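Peer 1: Chain by chain, the residues run as shown.
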Amino acid sequence: MENLEEVLKSHKLTNDEYQNILKIMGREPNLLEIKIFSSMWSEHCSYKSSKKYLNGFPTKAPWVIQGPGENAGVIDVGDGIAAVFKMESHNHPSFIEPYQGAATGVGGILRDVFTMGARPVANMNSLRFGNIVNNDKISKHQRYLVRGVVAGIGDYGNCMGVPTIGGECSFEECYNGNILVNAFTLGLAKTDEIFYGLAEGIGNPVIYVGSKTGRDGLGGAVMASDSFSEENKSLRPTVQVGDPFAEKLLLEACLELFKYDYIVGIQDMGAAGLTSSSFEMAGRSGSGMTMHLDRVPAREEGMEPFEFMLSESQERMLICAKSGYEEKVLEIFRKWDLDAEVIGEVTNSGNMELFWHGERVADIPVLPVGEEAPIYDRPVKKPTYLDEIAKISIDDFEKVDNQEAFDNLFARPEVVDKSWISEQYDSMVQTNTIKNSGSLDASAIRIKESGKALSMSSDCNPRYNYIDPFGGAAAAVMESGRNVAMSGARPKAITDCLNYGNPENPEIMWQFAQGCYGIKEACKALNTPVVSGNVSLYNETDGEGIYPTPAIAMVGVNDDANKTLPSAFQNENSPIYLIGETKSDFGGSLYLKKVYKKVGGILPKIDYEQELKLWELVIEANRQDLLYCAKDINVGGLVIALAKMSCVGDIGSTCRANMKDGRDIFSESFSRAIVEVKDEKSFKKLASKIGIKVEKIGNTTPKREFVCDDVSADLDELKDIYFHKFSQIIEQDI
Amino acid sequence: MKVVVAVFPGTNCEIDTKYAFEKIGASVELVFHKSDKLPNDTDLVVLPGGFSYGDYLRSAAISKFSPIMSTVIKFANSGGRVLGICNGFQMLLETKLLPGAMKRNQKTHFISKYQHLKVINNNNQFLSKLKVGDILNIPIAHGEGNFFISDDEIKKLYDKEQVLLEYCDELGNEENPNGSISSIACLCNAKKNVFGLMPHPERAIEAILGSNDGVKMLEGFLE
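Protein sequence lines correspond, in order, to chains A and B. Heads up, the first sequence is in the numbering used here, so the first residue is 1 and it goes up one at a time. Heads up, the second sequence is in the numbering used here, so the first residue is 1001 and it goes up one at a time.
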């Protein structure tokens, strides 16, 4: 090939990788074949930098039906019902084009779930933006991104009729040049009716269904495997355009299809489009496949074979049907006014053979593309900043009055209610939502068929991960589990979305490795395996990486939906208890960041046994009907958690924390919670049986007042800040 | 009571609507939009919420051309009872079964939340189980719920007892989430057999979900 070097460079293939391609092919590849290798071996599709570390995750438990490797993970939630869930990133597209980027992120994760035979019943999202509060160019742009991303997520999920019930959103300067948009979907299926992304059986037809293929999203997978810089701001054409209406039709058609026994397997066309779906489906059985690209429904004329193979047009699926049932399958999709064409069949050649008007234009062995995909063991090096920032402590600075610190922290966008966001999401469609965004901690839906409830929570504290990539990742697992437990549900399994910087930088690679080790340790200790997940690397702009951000979404089961525990105060004059031990833990805290403008220190001690005892106490106390509400303590410490519980519950409270150091009401020690107790005697007895410290710190009151030690506020004024601050910030430009 | 729920491409509240009406004891049949027939024993047709045809052109602008709609219009014109919820309300406006038009929400973006409503008139079957002045708490979820009609027309609507619900706060004071003229949330036709509202009574039928104020509304049709 002429200009080989240039071709390889523009397809982001190394010379070693090209040599491997030559070996696999036994000849020189043509340009179409190079493009296919380039996509399949992109970081986004091949996980080549991350695979080494992901392989160590705990993935098994008696309730796990399907772990990582499929379109989504599956767990048994009782009564013959399975929960199918996964989280995925759409960071790069959302930064380039926030509305479409976020919308198609939601569309993609929905397809990952319903392709497995599950009806999606809940969405969540984990969003990270830069600084939104200032009056400068950066903040203005960030506010624009927030508005675009939120509208994109809302319009897609709303149109699909899938409630968006929760998530998290925080703000940190490190995301000024690279925001994070992670979308989570959970669906329900019958345990014995799960569908997989499999193509097998010689002569079985390969059917393309859904929207037509256009030129949008060409090379998206390769784009998502690169860093941002001034040069690639013109990448907008690589962002796909979403059509939630088409996806809604696709969902209904697929669910109708799944009622019959017409198909062998099905997979959505996500990153790298038809290329990855066909190679993965054939690869899972070791089969070969022929595909006639001229039969693929096209949105415009003049498209070339490589465009059909690499387009990331949305709302498309690839099906391997049982021979003889082609017409039945096509009929269902036509009923829903969707395109559906038989484009090829399964063969025993072991090769992917692509045809264009009868001429064979590519012929690639399927298995080696997956099996011999590069696995990198990239160099790692502990970042130099870590030792430096570890020394930072609140004692280095002048003491600040608690009231002043509270007023500062409580009005932060990270703390206040974000219903400006969540009210743009239909959270109530499907009539199952018991707890949604704004009700604090985990979100929960009931399962009509079984009377059980599923709780879910997505969490990650980027500051913790910056000061301690191992502990921060473990803490994210603990926090997501804690939130789920606070609703009375037992945490079962996680999905993750690992957002990191450029893996070619050894310090970033070290962060990633440590994050994986942290997740592995925590998931093992807490017995909550990883069932699915996604890695997003190259989250950096002009060499500036984001804080490590391993978003963790935990799913748990509550045997009785009617016993879903709220997280805000429910009654006046009931006792408030603090569970767990509070130390002077300010490493990575909101206090250190907002009062002293520092991100540093060392992370609080992780004690999984203590964490499990906390879960057990709240779950069991709720089962015995001893509690009115429970909320975990995290960002901003005890006093911020109490203030939120008063605001959301619209009930005053008075507490005396009796901390060793008065400032410890802002400490972020792990494994703690606040509970409003119904039956003190039985609660204390249960706590001592389980062996965890509980302490009465105050009461809810009939007064319109919030008091915690030397911090006090009028409840209505506090509520005004809590419920209105965010919209004031975000709408200031419009 | 036999309730027929019409399903358009993009409808997404048909299962919730079926569940709610079955919960109050009705028998419910879903009918796909490509059919032009309603079962003979139909007592009530519900046009449910969702995004028919994606609402890409204008909410409900395309669905009025579906085969089922001409049958629903005939059914209504011969006195049959029709209830349009959210996107279904928009369909009733597009087909002129109800007067007025819908604009984008005043603040332009989608709003999903619990919203209080005040009963303005109960001299009709839909709200017959409620009293004038009752305050209800019912979810809303829409992007185009800003109801508009001319000043002349609006007076007529009130005079003819066609305005059934207005948005309000929990005490019944004015609170308008979407900019609707006169805070109108629900109306009926002059013959009082066609009802349309933006809020979702079918989502407020169990206390565990936050409210069961929708039960009394739907039960009005049982008699």
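The hints are simulated quantities; they were obtained by calculation from the structure and are not laboratory data. Any given hint could turn out to be false.
Okay, derived cross-link-like pairs now, DSS-like style, lysine-lysine, Cα gap no bigger than 25 Å in a straight line [to be verified]:
hint	chain 1	residue 1	chain 2	residue 2
1	B	Lys1018	A	Lys259
2	A	Lys335	B	Lys1113
3	B	Lys1034	A	Lys563
4	B	Lys1107	A	Lys259
5	B	Lys1113	A	Lys725
6	A	Lys725	B	Lys1131
7	A	Lys693	A	Lys681
8	B	Lys1064	A	Lys190
9	A	Lys212	B	Lys1034
10	B	Lys1037	A	Lys335
11	B	Lys1034	A	Lys452
12	A	Lys448	B	Lys1034
13	B	Lys1107	A	Lys140
14	A	Lys719	B	Lys1064
15	A	Lys335	B	Lys1018
16	B	Lys1023	A	Lys335
17	A	Lys448	B	Lys1037
18	B	Lys1107	A	Lys719
19	B	Lys1002	A	Lys190
20	A	Lys448	B	Lys1192
21	A	Lys448	B	Lys1113
22	B	Lys1037	A	Lys563
23	A	Lys328	B	Lys1034
24	B	Lys1064	A	Lys452
In this text the structure is predicted, and so the values were computed from the model without any measurement.
Peer 1: Look at each hint and say if it fits the structure.
Peer 2: Quick rundown of the hints versus the structure:
Taking the CA atoms of B:Lys1018 and A:Lys259, the gap is near 20 Å; set against the 25 Å cutoff, the hint holds. Annotation: proposed proximity of A:Lys335 to B:Lys1113 is violated, straight-line Cα distance about 34 Å (limit 25 Å). Among the hinted pairs, B:Lys1034 with A:Lys563 is inconsistent with the structure: their alpha-carbon atoms are about 43 Å apart, more than 25 Å. With a C-alpha separation of about 42 Å, the suggested pairing of B:Lys1107 with A:Lys259 is violated against the 25 Å cut-off.
Only pairs whose Cα atoms come within 25 Å are accepted, and B:Lys1113 paired with A:Lys725 is accepted, the gap being roughly 18 Å. Among the hinted pairs, A:Lys725 with B:Lys1131 is inconsistent with the structure: their alpha-carbon atoms are about 37 Å apart, more than 25 Å. For a cut-off of 25 Å, the pair hint linking A:Lys693 to A:Lys681 stands: about 14 Å separates their Cα positions. Using a Cα cut-off of 25 Å, the hinted pair B:Lys1064 and A:Lys190 is violated, with the two alpha carbons roughly 36 Å apart.
Using a Cα cut-off of 25 Å, the hinted pair A:Lys212 and B:Lys1034 holds, with the two alpha carbons roughly 23 Å apart. Restraint check for B:Lys1037 and A:Lys335: the C-alpha separation of about 17 Å stays at or below 25 Å, so the hint holds. Between B:Lys1034 and A:Lys452 the CA atoms are separated by roughly 37 Å; this puts the pair beyond 25 Å, and the hint is violated. Between A:Lys448 and B:Lys1034 the CA atoms are separated by roughly 30 Å; this puts the pair beyond 25 Å, and the hint is violated.
Straight-line distance between C-alpha atoms of B:Lys1107 and A:Lys140 comes to about 19 Å, which keeps the hinted pair within the 25 Å bound. Distance restraint check for A:Lys719 and B:Lys1064: the Cα-Cα separation of roughly 45 Å exceeds the 25 Å cut-off, and the hinted pair is therefore not satisfied. At most 25 Å may separate the alpha-carbon atoms for a hinted pair to count; A:Lys335 and B:Lys1018 meet this at roughly 22 Å. For the hint linking B:Lys1023 to A:Lys335, the alpha-carbon distance of about 30 Å lies beyond 25 Å, and the restraint is violated.
With a C-alpha separation of about 31 Å, the suggested pairing of A:Lys448 with B:Lys1037 is violated against the 25 Å cut-off. Between B:Lys1107 and A:Lys719 the CA atoms are separated by roughly 22 Å; this keeps the pair inside 25 Å, and the hint holds. Taking the CA atoms of B:Lys1002 and A:Lys190, the gap is near 30 Å; set against the 25 Å cutoff, the hint is violated. Between the alpha carbons of A:Lys448 and B:Lys1192 the distance comes to roughly 35 Å, so the proposed pair goes past 25 Å and is violated.
Distance check on the hinted pair: A:Lys448 and B:Lys1113 sit about 22 Å apart at the alpha-carbon level, within 25 Å; holds. Between B:Lys1037 and A:Lys563 the alpha-carbon distance is near 44 Å, which puts this suggested pair outside the 25 Å criterion. The straight-line distance between the Cα atoms of A:Lys328 and B:Lys1034 is roughly 19 Å, inside the 25 Å bound, and the hint therefore holds. With a CA separation close to 40 Å, the supplied pair B:Lys1064 and A:Lys452 exceeds the 25 Å bound.
The earlier numbered hints that this structure contradicts are 2, 3, 4, 6, 8, 11, 12, 14, 16, 17, 19, 20, 22, 24.
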